[in-house]
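Working from the sequences, and respecting the hints, build out all of it.
Taken in order, these protein sequences are the chains called C and P.
Residue numbers for the first sequence follow the numbering used here, so the first one is -2 and each next one is one higher.
Residue numbers for the second sequence follow the numbering used here, so the first one is -2 and each next one is one higher.
Misleading hints may appear alongside valid ones.
Identical copies look the same in the list; a pair holds intra-copy or inter-copy alike.
Claimed, not checked - No farther apart than 27 Å at their CA atoms in a straight line, the calculated lysine-lysine pairs in the DSS-like style are these:
#	residue 1	residue 2
1	K112	K286
2	K167	K103
3	K119	K286
4	K107	K247
5	K247	K119
6	K107	K84
7	K286	K247
8	K103	K119
9	K247	K112
10	K119	K107
Please keep in mind that the hints were generated in silico from the structure rather than gathered at the bench.
There are 2 protein chains.
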Amino acid sequence: MARFSFDLTATDGSARTGVITTPRGQIRTPAFMPVGTAATVKAMMPESVAATGADILLGNTYHLMLRPTAERIDRLGGLHRFMNWDKPILTDSGGFQVMSLAGLRKLTEKGVTFKSHIDGSKHELTPERSMEIQRLLGSDIVMCFDECPALPAERDRIAESMQLSMRWAKRSRDAFGDRPGHALFGIQQGGLEEDLRAESADALIDIGFDGYAVGGLAVGEGQEAMFACLDYAPAQLPEDKPRYLMGVGKPDDIVGAVARGIDMMDCVLPSRSGRTGQVFTRHGVLNIKNARHMDDPRPLDEACACPACRNYSRAYLHHVFRSQEIISSMLLTWHNLQYYQDLMADMRGAIAAGTFADWQRDFHSAREHGDIDPI
Amino acid sequence: MARFSFDLTATDGSARTGVITTPRGQIRTPAFMPVGTAATVKAMMPESVAATGADILLGNTYHLMLRPTAERIDRLGGLHRFMNWDKPILTDSGGFQVMSLAGLRKLTEKGVTFKSHIDGSKHELTPERSMEIQRLLGSDIVMCFDECPALPAERDRIAESMQLSMRWAKRSRDAFGDRPGHALFGIQQGGLEEDLRAESADALIDIGFDGYAVGGLAVGEGQEAMFACLDYAPAQLPEDKPRYLMGVGKPDDIVGAVARGIDMMDCVLPSRSGRTGQVFTRHGVLNIKNARHMDDPRPLDEACACPACRNYSRAYLHHVFRSQEIISSMLLTWHNLQYYQDLMADMRGAIAAGTFADWQRDFHSAREHGDIDPI
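Dropping the structure here:
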């Protein structure tokens, strides 16, 4: 079985491009990971997700442990087989979503107890249990169990939380054990405090991981503060391992993160927006429910090769959105995921060509005008 | 441009198989037409509908005239282009759905005025307006505007309604005019009264149509009464033209109708059931939400080639249905439409081979046992 490995093929400033190799296939970086919360990327067939160019999906431990349960997925042959996706899967640890979704949480040194948002049943997540669940799911890239405070927060609270997460990172590493072909990523915490981020990075490097996430961002701090943190945080992590920015983000967040040395990202934004009618194009964001699209025979983006753009007018997409037809979610999600994957491919090409600064100028310039003029 | 034509290639008892030729392609009969109410077969990409083997779709005049309007679809190049379906489309006349969906209807000799169920706006449908709408949509097979009383009803009411529909059929024929490559179908009425059905058939034949529908069934009379009517009604219509049974039905309804000389059918049942978790297989009906499927690694039907059966376990389909994931509607609708198209293909083969009676016995026998046993 192939080992997990990461090869940088080019850098341009702080931006990097490369390839992560896993037994289930290669992941071209910078990589955007669509989110398949409950064993499906909402409104998409998995073969369609692959057709957009996605090399890897993200699955949510919190959702899957509650329904249908990790043990059931294991009995059914693992998450890949269950959801018909044979490329790599990264799973989060469950920690973040316990904090954002579950009811009645109790945090101790051991872990977190909480009530399911689905049926109120009581559950426990610890570093050891999170590693077990992610093993049962058959995850290719496993995330350490951590705690992530919402920002803004007091420095003392951030420091305590980070230090707890580092103790949990060590317990995660010990519980993960030796699993050839599977990777374990550590998660840097420390809020917006450079010295705490450094302390966290050193603690993780001391334990040793196959990749390193920048955690605790995109939690309300805003783009400027996030970018200020990314001006130093990635460089605190090993250069020869993948760097993953969790839960990011809007297209310009992603471009700014890649410019600062990030290799992997995930976000529900393209798929969720597809269901609410928000559409991403080279020219920025448009909302398909607006009346200006009602008679517009043009595609969302004439340069896009997705089925929504190849086969349908804005007028049709407006009609099916207004009529609350399922095909609206199907087509707009496909388009948004295609836009995100095309964005990543463009960045990989520009970094490899050493033209990433020019590419960034063009990216921002194309968005300045906004959507094409009404007909 | 190819003319509209119908060629019978084989008969077996009263059952018939053949081919309808249109400029947009051939329709193998007996044919089942999936319903694309609002310019989409719900939860399906049109290329997936075609992949199930569907040669023709049905579109609803009532829904499309209200939203996005026939004039708008015409400006955008017609319904085929609007919804990305280049094979034939049959449109109903709007009459049936005005009666079942619209509010505050008023029926006169001229036509029907009604209020939209979407926004309460006032509209009028007449034979002339229905022909105009169906022309604007670009329909390949246009249906006469008729009135269809719910059953049971008084004989006098049925006779009056049928005679009104026959006057409207003449006005529909006159308004349709001469449109090479496009077909106009008359609709037989007369409830469950054999003599009224004969009177209606004669009136339609006297006007002259490219095909003939048996209307006014599947409106609450039950299968036994419907079959009793189909024992004589199709034979009252021309042998050399397609016979279309509107709004039917369950798989055993369809088999019984084909056995009685019907060539075309449409029904929302396979697509609607896909969204409510009801699944059709050779063994009858199953409900995917039942707990018995929760740990079942087997496909819905091991003999089915649709993506739901090829790529997913019952356990997965149960999980995504319970989680209210859109992929549940996508996969179950695809399966149900595949089941219906496979059923039609099987019947065409059996009729051509002269073994339709045997095939019917096998069909009913396979359904007797019900779903496969739980594991």
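Have a look at K107 and K247 and pick one of within, between, both or neither, based on CA distance no larger than 27 Å.
neither (35 Å within a copy, 57 Å between copies)
Reference check for the pair K119 and K107, CA-CA at most 27 Å: within, between, both, or neither?
Intra 16 Å, inter 66 Å, cutoff 27 Å: intra-copy only.
How do K107 and K84 come out at 27 Å by Cα distance, when the copy is not named: within, between, both, or neither?
Classified as neither: same-chain Cα gap 33 Å, cross-chain 62 Å, threshold 27 Å.
At most 27 Å between alpha carbons: which applies to K167 and K103, within, between, both or neither?
Intra 21 Å, inter 76 Å, cutoff 27 Å: intra-copy only.
Regarding K119 and K286, is the shortest C-alpha distance of 27 Å or less found within a copy, between copies, in both, or in neither?
between (41 Å within a copy, 24 Å between copies)
Within a copy, between copies, both or neither: where do K286 and K247 come within 27 Å Cα-Cα?
within (20 Å within a copy, 36 Å between copies)
My question is about K247 and K119: at a cut-off of 27 Å on alpha-carbon distance, are they close within one copy, between copies, both, or neither?
Neither: 34 Å inside a chain and 44 Å across chains, both beyond 27 Å.
If the cutoff is 27 Å on CA atoms, where do K103 and K119 land: within, between, both or neither? Let me know, please.
So K103 and K119 pass the 27 Å test inside one copy only (11 Å; across, 58 Å).
Using 27 Å as the alpha-carbon threshold, which applies to K247 and K112: within, between, both, or neither?
neither (31 Å within a copy, 43 Å between copies)
Indicate which option fits the pair K112, K286 if close means a Cα-Cα distance not exceeding 27 Å: within, between, both or neither.
between (37 Å within a copy, 24 Å between copies)
Violated hints, listed in ascending order, are 4, 5, 6, 9; each of the other numbered hints is respected by the structure.
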